[in-house]
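Undergrad: Protein sequence lines, in the order shown, are assigned to chains A and B. If you're matching positions, the first sequence starts at 1 in the numbering used here and goes up one per residue. If you're matching positions, the second sequence starts at 1001 in the numbering used here and goes up one per residue.
Be aware that one or more of the hints could be misleading.
What the hints assert, rightly or not - Pairwise CB distance ranges, derived in the manner of DEER restraints: (1) B:Ala1107 - A:Gly331: 46 to 52 angstroms; (2) A:Asp170 - B:Gly1118: 28 to 34 angstroms; (3) B:Arg1304 - A:Glu297: 40 to 46 angstroms; (4) B:Ala1117 - A:Asp207: 45 to 51 angstroms; (5) B:Arg1304 - A:Gly331: 53 to 59 angstroms; (6) B:Gly1057 - A:Glu364: 50 to 56 angstroms; (7) B:Glu1297 - A:Gly308: 40 to 46 angstroms; (8) B:Gly1057 - A:Asp207: 36 to 42 angstroms; (9) B:Ala1104 - A:Leu217: 31 to 37 angstroms; (10) B:Pro1330 - A:Asp207: 42 to 48 angstroms.
Unchecked claim - Result set (DSSO-like, lysine-lysine): computed pairs, CA atoms no more than 30 angstroms apart in a straight line: (11) A:Lys172 - B:Lys1172; (12) B:Lys1172 - A:Lys49; (13) B:Lys1193 - B:Lys1243; (14) A:Lys242 - B:Lys1049; (15) B:Lys1187 - A:Lys110; (16) A:Lys172 - B:Lys1049; (17) B:Lys1172 - A:Lys4; (18) A:Lys242 - B:Lys1244; (19) B:Lys1242 - A:Lys244.
To be verified - Facing chain B, according to a computed beta carbon distance under 10 angstroms, are these residues of chain A, among others: (20) Leu37; (21) Ser89; (22) Phe105; (23) Asp168; (24) Phe294; (25) Thr295; (26) His307; (27) Val335; (28) Glu364.
Worth flagging that the hints you see were computed from the coordinates, not collected in a lab. Note that the Cβ used here is the ideal one computed from N, Cα and C, for glycine as well.
Number of protein chains: 2
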Amino acid sequence: MSDKIVATYVLARPAAEAARAARQVAVEQTVEVPESLITPDIERRVVGKVLEVVPGGGPELFKARIAYEPELSGWELPRLLNLVYGNVSLQQGIRLVDLELPPAFLARFKGPNYGLAGLRKLVDVHDRPLLATALKPSGAPISEFETLAYDFVRGGGDVLKDDQNLCDADLKAFAERVKRVQAAVDKGNAKAKTKAVYCPILCGPADELEARVDAVLKAGAKGVLAPPMLLGLDTVRSLAAKKKLVVLAHPSFTGTFFSDRSHGVTPALLLGTLFRLAGCDASIFPSPGGRFGFTKEECRDVSRALHGPLGRLAPAFPAPAGGMTYTSLPGLAAVYGVDSMFLVGGGLLSHDRSVYEATKAFIEAIGGLFPSRSGRVCPP
Amino acid sequence: MSDKIVATYVLARPAAEAARAARQVAVEQTVEVPESLITPDIERRVVGKVLEVVPGGGPELFKARIAYEPELSGWELPRLLNLVYGNVSLQQGIRLVDLELPPAFLARFKGPNYGLAGLRKLVDVHDRPLLATALKPSGAPISEFETLAYDFVRGGGDVLKDDQNLCDADLKAFAERVKRVQAAVDKGNAKAKTKAVYCPILCGPADELEARVDAVLKAGAKGVLAPPMLLGLDTVRSLAAKKKLVVLAHPSFTGTFFSDRSHGVTPALLLGTLFRLAGCDASIFPSPGGRFGFTKEECRDVSRALHGPLGRLAPAFPAPAGGMTYTSLPGLAAVYGVDSMFLVGGGLLSHDRSVYEATKAFIEAIGGLFPSRSGRVCPP
């Protein structure tokens, strides 16, 4: 394995320009000076090395692999983003599609606090995908959230999160709401003899995030829903490293990286590899077929990036979401496998049965998806 | 003026679907539930209100204005981003093109510490655009940066910044380099009787940013170069609010917001309005004609967003950059006017004269661009 950071880009360029374009990326991302100012010493020590430029799977598409000295990343996330996609994000037709990170880089990262195995242990569910839902809509009274939380947990649901749009008046109101919802979750767990966890939204002014995390832990909640692109990717990493939290990553404000398939960063890299580096135990993303535009292949790749080897970092849950229904479960199971978390929001709330009944039905259906895994009967 | 947050989107939709698409945005961004679950009370208090949907300047383009309750922004930046573009960033053909922020929202923000007038006072230049350059290339010895800094300042340059790619081994190495470069700037200022400022790069782990700012201030430097999309927009705001710094914003990692003109956020909104809200005194962006893809109109709009009214927030400098040369100065002056900062990197370093001579020549040329402003002769 290389000791360099190797980034693979797809360049939308005519064949005659592909090699030159790859060199321009290597220069732009490291020294950003005209070629005439690059001394042999700087060339050798600092400028990115174009390893290869090969046809990239379409007309006028080329794949360029570029090796960067890991020192240029400062061994941390903000500079890594700058190094592999900072300035070239402002140019046209350059898409970052793969990132090979050397062991020395990965060793600096703690990764998910719980990861797949830890979160399974926490919720005590070992043989099927987890079922998650969201408290919504924003603006509803806390008593409705308490009822929803209790019914979902008592129905056998595993992970309850806030909707990312929930917005409390201030830190005090947030702490109060989290306390009440966590109490409802506790009550549901006692009733169903389960260990469901609750992850309130972590969003707010930079200076207040740690206080919010403390309020969450003080209320007995085990994790948070964190949107890395709203808070800063390294802000999330730092909080996850300091506090023993389950971190569910929310993809709010990430969509511009994916919408133009000739530009940006793949969902697998951003929502998979990078969010996992930041310590996310699960990463939520829009599953195909709903109202968002991801393809099945992109979703599968996110899943692989969360599950696959990444130094000694724990694997994390892919959490497909968005317009999911009871009938889409077998398809989801086929794509994501058993080590996934199905986030069902509106589909659970607008089910023709009560939330309790609907959750039970979902859990039963999910339990039946992987019968070979064990003979264990799913929760009451 | 409305007391709501009013966002304007361009929707790439057929005429028959435009009104429904606007409603979907309003629902997605606030409650994210199926229509059937929206009670009259939630509709009234929480769901975004579609104010109008009108033809949007192209075939199958519609402009939709949507009013949001400002409470849903939490009166802060991370939630504002979530509210106006969080989830819909993951859908296709929805571009955020304007944002009207009510006085009560703007009143929560301190804005630029210095702004146009304050930074002019600091560098004591009142009658022409400022000239800025970058220390580069990454990997060069500090002694070269000292020479470059001294020559640029002695030649009359106003703002010296690190290249965003500069990467010191650690905080100690950073502090040492900043101290040495600032000493060279001081020496240049003493020689030229000027007041040039130096802004080192602020990039690194979230937990270390404040220590880096302290090292900058301790060295006598007046500001930083901060990349908001690498650090988190509100992280930058928080640091600017706590410490009296000049903040130059760097656009690293912002390009995906702009590349697809049917999607994303306009440069004026992100690099102008939002960066100014975060307290940036100047915002760097790629000027047209260089190696980046902004149009002249987009650049002019960034400039207007930085200069125009925004509550009581100080206006800030547009800092066009990227492939700028001596001959492009009159064109830049025509686009950005006198209250701008021209960031010349490679163009200054690869000029056929020395950096000192080249800086002098640029300053003289810049001084001649606005002769009517005053009779003041430009620096020696």
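Undergrad: Flag every earlier hint the structure violates by its number, smallest first.
TA: 4, 5, 11, 14, 15, 22, 25, 26, 27, 28
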